[in-house]
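With the hints as a guide, dock the two chains, each given alone in a separate frame, to form the complex.
Going down the list, the protein sequences come from chains E and Z.
Per my numbering, residue 1 is the first one in the first sequence, and the count goes up by one each step.
Per my numbering, residue 118 is the first one in the second sequence, and the count goes up by one each step.
Do not take every clue at face value.
Straight-line alpha carbon distances no greater than 27 Å define the calculated BS3-like cross-link-like pairs of lysine-lysine that follow [claimed, not checked]:
#	chain 1	residue 1	chain 2	residue 2
1	Z	Lys213	E	Lys42
2	E	Lys42	Z	Lys126
3	Z	Lys213	E	Lys58
4	E	Lys71	Z	Lys213
5	E	Lys68	Z	Lys213
Label-pair distances were calculated between CB atoms; the ranges are [unchecked claim]:
#	chain 1	residue 1	chain 2	residue 2	range
6	Z	Gly180	E	Lys5	50 to 56 Å
7	E	Glu56	Z	Lys131	47 to 53 Å
8	E	Lys5	Z	Thr218	21 to 27 Å
9	Z	Thr228	E	Gly60	16 to 22 Å
10	Z	Lys131	E	Gly41	22 to 28 Å
11	Z	Glu190	E	Asp79	27 to 33 Å
12	Z	Gly120	E	Arg61	23 to 29 Å
13	E	Gly41	Z	Gly157	31 to 37 Å
14	E	Arg51	Z	Glu196	26 to 32 Å
15	E	Phe39	Z	Leu186	26 to 32 Å
Sample of chain E residues facing chain Z (criterion: CB under 10 Å; computed from the structure) [unchecked claim]:
#	residue
16	Leu46
17	Ala49
18	Thr98
19	Lys104
20	Gly108
Keep in mind the hints are simulated off the structure, nothing from the lab.
Please read all numbers here as calculations on a predicted model, not as lab measurements.
Idealized CB from N, CA, C, for every residue including glycine.
For reference, the chains in residue letters:
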Amino acid sequence: QQQVKQSPQSLIVQKGGIPIINCAYENTAFDYFPWYQQFPGKGPALLIAIRPDVSEKKEGRFTISFNKSAKQFSLHIMDSQPGDSATYFCAASSDRPTTSGTYKYIFGTGTRLKVLA
Amino acid sequence: NAGVTQTPKFQVLKTGQSMTLQCAQDMNHNSMYWYRQDPGMGLRLIYYSASEGTTDKGEVPNGYNVSRLNKREFSLRLESAAPSQTSVYFCASRAKLTTDTQYFGPGTRLTVL
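One chain only, chain Z, in its complex shape (with noise of 0.2 Å):
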């Protein structure tokens, strides 16, 4: 049971280039989410996606688009990085409720130079 996966752990991209953001999930969870994370300003969610076939928008997603690929699968793209989208990514899933606990991925670090 390895959790929530990410892939690449680290990443550098020049301005303008795009790249897609991996994560799985093996606990059968129905929400899924992307943050990412900056330095003062905590965790600001990106896009979730409440089931399979549905996404939303969170607090910061311009420049990005997602994925739910099935119900394990979530992946965040980048179609043209800008520096303002160096970052550490952050990928979440949770079973239903609201107490249900939440469980996060490992990150992604990415710098765009």
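Chain E extracted, bound-state conformation (with noise of 0.2 Å):
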């Protein structure tokens, strides 16, 4: 019931294309859904995140799109260029703080994209 569950695995794109990465969660205490991005031999990046009270949200051209019902958030990248390849990793976070008094992610496995000039 911890586990986030990303996918694809990797991802190849023309430039201009518009990829996307699904994730999917069981627990229903996350309540937050950031998503970072990671460039080779980089430590990953907060890129864009999400709270369950809204369905999408856009920073300029990434966008998640959020359905709390089925417990699944997506991300977006439009008019992907190469400088947007990398690993992109989905996470969540509970309401809920541990017993020391802070908050973990679990992160999803990971997308490596990668897009064609």
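Below you can see the structure in the form of structure tokens.
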């Protein structure tokens, strides 16, 4: 119940295409869903995040779609560019802190995206 | 403002050797985390610390120990390295709330022969 299932494992699109990465969860206590972007040799960095009280959030070319009833959320990259080639991780965090008073993320397994020029 | 820093960047160990991975953050964050990243398995939490003086086990704590030395520093120790601990290790920190951004360091690539 703590898992976040991410698909696909890898994705290749042409420049200008719209890659879509999907994540699914089971724990209804999850209430914060960030996406992280990781370039080779670097640490992950926050890209965009959503809470379940909205169904969609856009930041530039990146959009999260959220389906609370299906317990699924997805990342869409509009007009993708070769510079978007990276690994993308979805994550989820519960609204209930740990006994020590902090919050943990559960990460998906990652999607390696390649955008061809 | 350097963010989250990790040392070393690369390390090769022989089975049975010990080492400590260092992590420091200069953002005055309360919470700090250690993850390992393996192909096809994403980021798995090893240990975390809610504040100075507290540490808790994550998903994969076996074979590791941690120390939250002060608010800035959180170290990860491998007492007797095994080939299964070959991985990329990331340290991260976050202010306090679930919605606060979690910042990652650049990682340490560890190979155990």
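Hint-by-hint comparison with the structure:
1. Simply put, Z/Lys213 and E/Lys42 have alpha-carbon atoms about 24 Å apart, close enough for the 27 Å limit, and the pair holds.
2. Taking the CA atoms of E/Lys42 and Z/Lys126, the gap is about 11 Å. The hint holds against a cut of 27 Å.
3. At most 27 Å may separate the alpha-carbon atoms for a hinted pair to count; Z/Lys213 and E/Lys58 meet this at roughly 25 Å.
4. Restraint check: the Cα-Cα separation between E/Lys71 and Z/Lys213 comes to about 26 Å, which is no more than 27 Å; the hinted pair holds.
5. Of the supplied pair hints, the one linking E/Lys68 and Z/Lys213 holds, its CA atoms being roughly 25 Å apart against a limit of 27 Å.
6. For the hinted restraint 50 to 56 Å between Z/Gly180 and E/Lys5, the CB-CB distance of approximately 26 Å leaves it violated.
7. Between E/Glu56 and Z/Lys131 the Cβ separation comes to about 52 Å, which falls inside the hinted range of 47 to 53 Å.
8. E/Lys5 and Z/Thr218 have their C-beta atoms about 24 Å apart, which keeps the hinted 21 to 27 Å range intact.
9. Judged by the Cβ atoms, the range 16 to 22 Å given for Z/Thr228 and E/Gly60 is violated: they are separated by roughly 38 Å.
10. Separation of Z/Lys131 from E/Gly41 is about 25 Å and conforms to the stated range, judged on CB atoms against 22 to 28 Å.
11. Distance hint for Z/Glu190 and E/Asp79: a CB-CB separation of about 42 Å, inconsistent with the stated range 27 to 33 Å.
12. Range check, Z/Gly120 to E/Arg61: Cβ separation about 25 Å, and the 23 to 29 Å hint holds.
13. For the pair E/Gly41 and Z/Gly157, the beta carbons lie near 18 Å from each other, so the given range of 31 to 37 Å is not met.
14. Between E/Arg51 and Z/Glu196 the C-beta distance comes to about 40 Å, which lies outside the given range of 26 to 32 Å.
15. For E/Phe39 and Z/Leu186, the Cβ-Cβ distance of about 30 Å falls inside the hinted range of 26 to 32 Å, so the restraint holds.
16. Evaluation of the E/Leu46 hint against chain Z yields a held restraint, the C-beta minimum of about 5 Å falling below 10 Å.
17. At its closest, the beta carbon of E/Ala49 sits 7 Å from a beta carbon of chain Z; the interface hint therefore holds under the 10 Å criterion.
18. Annotation: interface hint on E/Thr98 holds; nearest CB of chain Z at approximately 6 Å, less than 10 Å.
19. With a cut of 10 Å, the hint placing E/Lys104 at the interface with chain Z holds, because the nearest CB-to-CB distance is about 6 Å.
20. Given the 10 Å rule on beta carbons, the hint for E/Gly108 holds: about 6 Å separates it from the nearest Cβ of chain Z.
In terms of the numbered hints stated before, the structure departs from hints 6, 9, 11, 13 and 14, listed from lowest to highest.
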